[in-house]
Amino acid sequence: AQTVTQSQPEMSVQEAETVTLSCTYDTSESDYYLFWYKQPPSRQMILVIRQEAYKQQNATENRFSVNFQKAAKSFSLKISDSQLGDAAMYFCAYRSKISYNTDKLIFGTGTRLQVFP
Amino acid sequence: AAGVIQSPRHLIKEKRETATLKCYPIPRHDTVYWYQQGPGQDPQFLISFYEKMQSDKGSIPDRFSAQQFSDYHSELNMSSLELGDSALYFCASSLWRWEGMNTEAFFGQGTRLTVV
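For the record, the sequence lines run as chains A and B. So the first sequence is numbered by our numbering: it starts at 1 and just counts up by one. So the second sequence is numbered by our numbering: it starts at 1 and just counts up by one.
One chain only, chain A, in its complex shape:
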């Protein structure tokens, strides 16, 4: 079974600085999706960025980028030019591609990001 591990329960960053959130996962599959979701105080789950395992190029979305190391099974999120609105819980998630009957998101335990002015 796949597992997702986020070893940083809490992180903090100053506004305009850069912060990196870590995520590792375990799987025997060769093709899959990885995601970062943001959950602000409203508790809405918002997709931040996605990565397809067969793509070597790291995904980027504006100020958000990932460092995907497939061999190391590592998937970190870098937030550049941090803003107060980035403060939230961030979840790393894994999704299998094999079959519709194994199709679910497996979440890590989350990292709470605080942003200080």
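Simulated from the structure, these hints should not be mistaken for lab results. Note that the coordinates shown come from a computational prediction; the quantities given were computed from them, not determined experimentally. Possibly wrong hints are sitting among the right ones.
Below, computed lysine-lysine pairings styled on DSSO-like, alpha-carbon distance capped at 27 Å [as the list claims (entries may be wrong)]:
id : chain 1 : residue 1 : chain 2 : residue 2
1  : B       : K15       : B       : K52
2  : A       : K97       : B       : K52
3  : B       : K57       : B       : K13
4  : A       : K55       : A       : K78
5  : B       : K15       : B       : K57
6  : B       : K57       : A       : K73
7  : B       : K57       : A       : K97
8  : A       : K70       : A       : K97
9  : A       : K97       : A       : K73
Got chain A sorted already, so can you dock chain B onto it with the hints?
For chain B alone, coordinates are given in the frame of chain A:
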């Protein structure tokens, strides 16, 4: 663009009562997932449906059941409610393609269930 709609947004029930949560996926999405998120916890997968058939099952108690209807909306039925069932219940939807090019899951705003 249309999003995943969940109703009700908030629900208060007494112990041993029954609750029904509804989810309306994004149009044309063929897969629905249900997750339970307790306070300060990560979302836990309960159950999923693909094309109106149950496709995967997680840590869903026997007191809970779910189904997806012909119009693709889904309902999570929870009976004999316990205090520990108090949580945020998310529904998400996505589009599965046999060639593997499935999309990301989009989440509804959740139903906050409080059992008193």
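> Out of the numbered hints, which ones does the structure contradict?
Replying inline: 1
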